[in-house]
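Novice: Letter by letter, the chains look like this.
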Amino acid sequence: MTEQVVRRRVVQHGISDSRYNDAKSQSQYQPYKDAAWGFINHWYPAVFSKELVEVEGDSDEDLVPSVKGIQIAGVPIALRRVNGKVFAVKDQCVHRGIRLSEKPMCFNKETITCWYHGFTFNLDDGKLSTIVANPDDKLIGTTGITTYPVEEVAGMVFVFVREDDFPLEDVPPLSDDLPFRFPENNERFPHPLWPDTPSILDKDAVAHGMHRTGFGNWRIACENGFDNAHILVHKDNSIVHVNDWVLPLGILPVTDDCIQVVEDETGPKGMMQWLFTEKWAPVLENKELGLKIDNLKGRFYRTSVVLPGVLMVENWPEEHVVQYEWYVPITDDTHEYWEVLVKICPTEEDRKKYKYRFDRVYKELCLHGFNDCDLYAREAMQHFYADGTGWDNEQLVSTDISPVTWRKLASRHNRGIAKPGKGVYGAVKTHSTRFKDTADGKRPAYFVDQVWF
Amino acid sequence: MTEQVVRRRVVQHGISDSRYNDAKSQSQYQPYKDAAWGFINHWYPAVFSKELVEVEGDSDEDLVPSVKGIQIAGVPIALRRVNGKVFAVKDQCVHRGIRLSEKPMCFNKETITCWYHGFTFNLDDGKLSTIVANPDDKLIGTTGITTYPVEEVAGMVFVFVREDDFPLEDVPPLSDDLPFRFPENNERFPHPLWPDTPSILDKDAVAHGMHRTGFGNWRIACENGFDNAHILVHKDNSIVHVNDWVLPLGILPVTDDCIQVVEDETGPKGMMQWLFTEKWAPVLENKELGLKIDNLKGRFYRTSVVLPGVLMVENWPEEHVVQYEWYVPITDDTHEYWEVLVKICPTEEDRKKYKYRFDRVYKELCLHGFNDCDLYAREAMQHFYADGTGWDNEQLVSTDISPVTWRKLASRHNRGIAKPGKGVYGAVKTHSTRFKDTADGKRPAYFVDQVWF
Amino acid sequence: MTEQVVRRRVVQHGISDSRYNDAKSQSQYQPYKDAAWGFINHWYPAVFSKELVEVEGDSDEDLVPSVKGIQIAGVPIALRRVNGKVFAVKDQCVHRGIRLSEKPMCFNKETITCWYHGFTFNLDDGKLSTIVANPDDKLIGTTGITTYPVEEVAGMVFVFVREDDFPLEDVPPLSDDLPFRFPENNERFPHPLWPDTPSILDKDAVAHGMHRTGFGNWRIACENGFDNAHILVHKDNSIVHVNDWVLPLGILPVTDDCIQVVEDETGPKGMMQWLFTEKWAPVLENKELGLKIDNLKGRFYRTSVVLPGVLMVENWPEEHVVQYEWYVPITDDTHEYWEVLVKICPTEEDRKKYKYRFDRVYKELCLHGFNDCDLYAREAMQHFYADGTGWDNEQLVSTDISPVTWRKLASRHNRGIAKPGKGVYGAVKTHSTRFKDTADGKRPAYFVDQVWF
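Residue numbers (full-length UniProt numbering), protein chains in the order written: chain R, 1 to 453; chain L, 1 to 453; chain Z, 1 to 453.
Only chain R is shown next, with the shape it has when bound in the complex (with noise of 0.2 Å):
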C-alpha cells in the first residue's frame, strides 16, 4: 500500500473514552484480574454430603469408598469420611505425586495410603507415618501433606482451601465466607417486600441442588450471577412463563447506594444489591427498538455476593426460598459451577413436600432450564477473556456496576491469590495427546476418575 493510504487511516469504532471501566477503575481491581486461578485460603464447597458416603473397607472393590478427590484453585484435594467426620488433605503423594483418590486405599480409621508405593499419611495432621513396604524409613514423620479444615452443613462439606503455610490458627469461621444471614441483617438489609432468607447455616436447614463443570474462567461465570443486565437471556425461560411473569426489559440503578458493599472486620465481605427497591427502577420501554413492557409482572427478589464467590438470590425461585451459587475454580479455565436451594423444613412431612417439589419444577425449570441459559452465556465469553483480550477491551456500562464495586471489594479482601497450579491436572495444557482421563472421551473436570482393577 502506499505511505498515503496507510497515512489516512483511522479507527471508525475505537474504544469509547465513555466506557464505564475507564483506566482509573481498572486500577482499582488489578489483583481481581489477577486471580484467573481463584482465591486462596478461603471456604470453598466441595461435594454433597450424599456424593461422600461412608462404607466398611475402603480397600473392598465391591464397595464404594468413602473417599473422592477433586481440584479446587490448582489444589488436588482428597476426602475422606471416617466415623462420620470428613477429613481432607492434599491429593498428592509426597513421594511421586500420584494422587490417592485415585485408587483408594485406607488400612485404618486414622489414615490414607497411597495405592501405588504404600507412604501412609495421617488425615488429622497429614504427616507421614509410615510406609507400607518401608516401615523404618527416615522419610517418615518427617514430612506429609497440607491438611484441610472441613465443615458439613445442611447435606454439603465444605472445605477450607489453604496455601500450604497458611496457620490453621487464623482459619475463619466458615461463615466468614457464606452469605449474609437473616434475621441477624434484617435492620441492616430490611426488604418488606417478602420473609427472611433462609441460611443452610440455619436449624433445619434443608439444602438441595448441583454440581457441574463449566468451561470457562470463575470469574466471568460469576459475574453473571448479580448481573442485573441481562434479563433478556431468560425472557424465554419456562419458569418465566409457568408463572405468567412478565419480566422489564431490565433494571437500572438510580441511586448511589443502589449497592451497599460490606467490609466489617470479621464476617462476610462483599456487597448487597438492592434490586426491587426505589433504588433501582425497572426498564419497560427502549423506543429506539419499540418495546413496551405492559402490567409488569416479576418475581421480587434481590441478590448479593460475598468472597470468594459466593451468590444469594433471595426470594428465589419462590418465598422463603433461597438459591446459592458457587463458581469454584478448578484451573484458569474450568470451574465447578454449583446451584443450591435452601429451605427450612422443620417436618419430614416439609422435607417431602420440598424435596418433591425441588424435584418435580425447580431442578428442570431453575436450575437446568432457567441456569443453563446462564452456564450458556458465561462460556460464550471465555475465547475474550481467555488470552486477557476481554479484562482490557471490554467496554462496560452504567449497569455494570455491580460487576465493577464486585472486583474492586474482592480485589481489596480476598485472602490470597491462587497461583497457577504446579503439578497437576491443567497446569500443562499442552499435549501431544489427550491424557488418560480424557482420551476415553471423558472430559477431564472436578472429580478424579476412580479405578478398580
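Keep in mind that the hints were calculated from the coordinates and are not lab data.
Warning: the hint list may mix true and false statements.
[Claimed, not checked] Here are the simulated DSS-like cross-link-like pairs (lysine-lysine), alpha carbons at most 27 Å apart as the crow flies: (1) L:K422 to R:K419; (2) R:K138 to Z:K24; (3) Z:K422 to L:K24; (4) Z:K109 to L:K235; (5) Z:K292 to R:K138; (6) R:K287 to L:K138; (7) Z:K429 to R:K422; (8) L:K138 to R:K33; (9) L:K85 to R:K287; (10) Z:K363 to Z:K297; (11) L:K33 to Z:K429; (12) Z:K363 to Z:K50; (13) Z:K279 to Z:K297; (14) R:K287 to R:K297; (15) Z:K352 to Z:K363; (16) Z:K138 to L:K292; (17) R:K269 to R:K203; (18) Z:K353 to Z:K363; (19) Z:K127 to Z:K85; (20) R:K352 to R:K50; (21) R:K33 to L:K419; (22) R:K422 to Z:K419; (23) L:K429 to Z:K429; (24) R:K419 to Z:K429; (25) L:K138 to R:K279; (26) Z:K422 to R:K429; (27) L:K429 to R:K419; (28) L:K422 to R:K429.
All figures in this text were calculated on a predicted structure; none of them were measured in a lab.
Starting from the known structure of chain R, fit chains L and Z onto it as the hints suggest.
Specialist: Frame of chain R; chains L and Z shown alone:
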C-alpha cells in the same frame, strides 16, 4: 561418547545447495512466511447465498435465522440478510465479547442485538445505537463494531475482510480479488485449445460447489492448488479413468516465460501458468524407475492464481466449465476450503442440465474424489510446516517455480498481513480441556454453532 | 491480611531434608532430567515381524503394503521389507516433509517414493535417486534422507535410531542395547534359584508379546518397571491368586551391593538387582498398620535394566521364561510400551505349547491384568512430572535406590539426548483443533495411519 567419535561426525544428507529455494529466493518472500493467519484487506467468499436464507422474525426459534457467524483470518464476522441484502459486521460484542451470531437476536431490519445484554448495533455503520435495558447510557453512539463490505454474485456471498482502520473508500472492487476474466484477456492470455473461461461475474453465471474446513495452514493448501508436480496423487482417481484419460508423469517448465506474473496498477494481482502450451513439456518417461507413458490422452487445462489466494482452473473438469478454489484462513492452522464450478447457463434448461451433472458427476468424482486427494496431501504437510521447520528446511526443485513465484508476488502485493487473532477462537490453543465448542466432540471450525433454548 | 498474620506463616510440611534424592544426588543425574524426548543413538524395537508382512506390488491398494511408519524419540521412521530384509529410513520427504509411510508408494525393490511429488529415495543409502516427474532435476543425488540400521531377531524388528550425523561405522551391535545374557554371565550374576534366562538372541528363542501407546513420559514408565517398592499395586492381580502366591509387603535393600552397576567398555550398560537373594529382605510386617504376611509364597525373580531403557525380569512369569519391556519414547509425553515374553522352543511342539500358554494365560493375566496396573500407575504420575514439578519436588526413600542408581548410570552412559522433535507429530502441541490424525477421535500415537483412496 569420546571426543574422538564426536570429531568424526558428519551429516550424510544435509540441505542441498542445489535446492531451488536458496537464501536469496527465500529473502524475497519473507512477508509470505509471516502470513500464517492470512492476508487481510481482501475479498473472501463467506457463504453460499443458500446458506443465508432470509426469514421473518429472526428471534423466532422456530425459524432458521438469516444470521450466520464465521471467522476469516482471525476476524469473527456476523452476516445478516435483510430485504435480500447481506450485511457483515464484526461478530464480537463491544461489551463482553460475545459472538452475536451464536444466538441471533434482531428486533428490526436495521440492527443486530447481542443476545446477552442487548447491545444493539446498526448493520450499516456498526454504531452502538442502543442497549435494550439501558437506552440512555452514555456509551451509546460513542462506539460500535467494524462493518465489512459485501458483494453477492452467482449465489456466493463475498466479504471484504478489513482491518478496523482500513478506510472504506479504499476498498477495491471484488473483481480485483478474482481470477483474470475472458474474453477481456483473450489477447493477453490466448488459449487456442479451448473456449473462453466463464467468470462468476458473468451474466447467467451459475456456481455450484461446496466448502469445508481443512486442518492445516491456508498457504500449504493454496500452494497445492496450482502445483504442477503432484499429478501422481491423482493417477488413480475415478474422474481420470471414467474419461479414459492418460496422464503424464508430470509437466516441466521449458521456457522462462512459462509463468506470467500480473502486477497491473489495478485489477487482480497474480500469475498465469501457460500449462498445455509449448512452454511446459509433459514428462512421459522416468528411465530410473522404468516408467513410460504411451498414448497420452489428457484434459487440456490451465491454472492461474491471484491474491488473496484464488485458484482458477480453466476448462476443467470439462469445456465451458471452470473450477475456482479458495483457501480461506480461519486461524493459523485451519482454513475453509472452497471448491466452486462455474458455467454460463442462459436458460432454465441449461441450469437444470448443469445442476444435474454437478450433482451426479462432478460433486462426487471431482470435488470429492479428485480434490479429496489434494485435501489429504495438504493436511499431511501440516506437521512439517506448523513449527516453522518446513518453511526453512524444505528443499524445492525446478517444478516448484510455481509456488516460489506465487510467494514472491504475494509478498509484494498483499494489502496487509493478518495479525494473530485476539480474543477469538484459535487465539488461545492451550486448554485445560476442550471448550464447549469441542466438548461435544464436534470440531470447532468455520461456522459458529447456533444454540436455541 | 495484616502483616502480622503474614509474619506468622510457616509451612507445616515442606520438602524433607531426609529425602533420598538430595541436591548432590540430583546433580548426578541432570542429563537424565534433560532426556524428556528419550536417548538417541540406541537400538529400539520398532515392530513385530508379523506387523511388516511382505507382499508384491506395494502400490496395489488391495494388498497390505510392507511399509509402516513409526516415530521414536521424535524421529519419524519408515520401514519397508524387501525380499525379507527390512530397511529403515527417515519418514519425512526432503521436499515438503510428507511422511512417506502415510500412503506407501514403491516402484521397485530398491527405493521408496513419496506419494505426493514422486521424490524417490534409495532404501540402502537414503539418497534422492530420482523424482518421478522431474528426472533431470539438479537436486537429484545431492540430498537424501537418513537411513537407520536394522536387526531382526526372534520375530522382532529393531532399529538403531541415530542422529543424522552419527557415523554408521560407530553403530554398536544390537546386543549392546539388550539385557545381560546367560550363560555368559552365570559367574557374574549367579542365581541358584532358577535356570538360565533365555535371550531373544538365542537360537530357537521365541518372543510373544504386544505393544501399545502409554500416555506419559517414557522415564516415569521405565522407572516403574524395575521399581521394587510397588508390590502393593499388584496384590489383587489374578496371576498372583491363581498361583496362590503370597507376596511380601515389599522388599528392602540390606547390603550396599544389592544393585550391581555394569559399565564395561563394551556390551550393555545397566544394572542388575539381586532380588530374592540375601541382599534384599522381604518386608513381612508393618506394625504401624497392623499388617503381617504369613507363609510367604512367592515367585522368585530378578530384574535388571540396561540402556536405552530395557527391562529384564528373569524367571517370570514362570521358570524358563523371561519378560522384556521397552518404553520407547515417541514424544516427551507419549511412549510405546512393549511387553515381550521369551522362551526357547527347539521343536514345533514346544512352539505350539508356548503359544497356547501365552494366548490363554500370559497375555490376559500378565501382560494385561498384571502390567495394566503398572501402565495405569505410570500414567497417573504424568501430571506431577509433566511440568517439571515432580523431578524437583519428589521425595524419594531408601527403596528408591533403584531409580536413582538407574538415573545416574543412564546419565553417564547414554549415547545422546534426543532433541525435541522438529516438524513432526508432537513438535507443536497447541492446535486450534485436533488435527486430522485425531479429528476422527483416534488418538495419534505410534503408527502412522495409512490412507488409500
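Novice: The structure should be examined with respect to each hint, and the outcome stated for every one.
Specialist: Cross-check of the supplied hints:
1. L:K422 to R:K419: 24 Å, holds
2. R:K138 to Z:K24: Status holds; Cα separation ~18 Å.
3. Z:K422 to L:K24: OK: Z:K422 and L:K24 at ~24 Å, within 27 Å.
4. Z:K109 to L:K235: 21 Å, holds
5. Z:K292 to R:K138: Holds, at roughly 21 Å.
6. R:K287 to L:K138: Within the cut-off at roughly 16 Å; holds.
7. Z:K429 to R:K422: Holds, at about 19 Å.
8. L:K138 to R:K33: 25 Å, holds
9. L:K85 to R:K287: 25 Å, holds
10. Z:K363 to Z:K297: 23 Å, holds
11. L:K33 to Z:K429: 21 Å, holds
12. Z:K363 to Z:K50: 17 Å, holds
13. Z:K279 to Z:K297: OK: Z:K279 and Z:K297 at ~18 Å, within 27 Å.
14. R:K287 to R:K297: 21 Å, holds
15. Z:K352 to Z:K363: Holds. Z:K352 to Z:K363 sits at ~15 Å (cutoff 27 Å).
16. Z:K138 to L:K292: 21 Å, holds
17. R:K269 to R:K203: The given pair, whose Cα atoms are some 23 Å apart, holds under the 27 Å limit.
18. Z:K353 to Z:K363: 14 Å, holds
19. Z:K127 to Z:K85: This hinted pair holds, its Cα atoms lying about 19 Å apart.
20. R:K352 to R:K50: Holds, because 17 Å separates the two Cα atoms, which is no more than 27 Å.
21. R:K33 to L:K419: Cα-Cα ~25 Å, so holds.
22. R:K422 to Z:K419: 24 Å, holds
23. L:K429 to Z:K429: Holds, because 9 Å separates the two Cα atoms, which is no more than 27 Å.
24. R:K419 to Z:K429: Measuring from Cα to Cα gives roughly 24 Å; hence the hint holds.
25. L:K138 to R:K279: It holds: about 20 Å lies between the C-alpha atoms, which stays within 27 Å.
26. Z:K422 to R:K429: Given that 27 Å is the threshold and the Cα spacing comes to 19 Å, the pair holds.
27. L:K429 to R:K419: 21 Å, holds
28. L:K422 to R:K429: 19 Å, holds
This entry satisfies every hint, going by the numbered hints stated previously.
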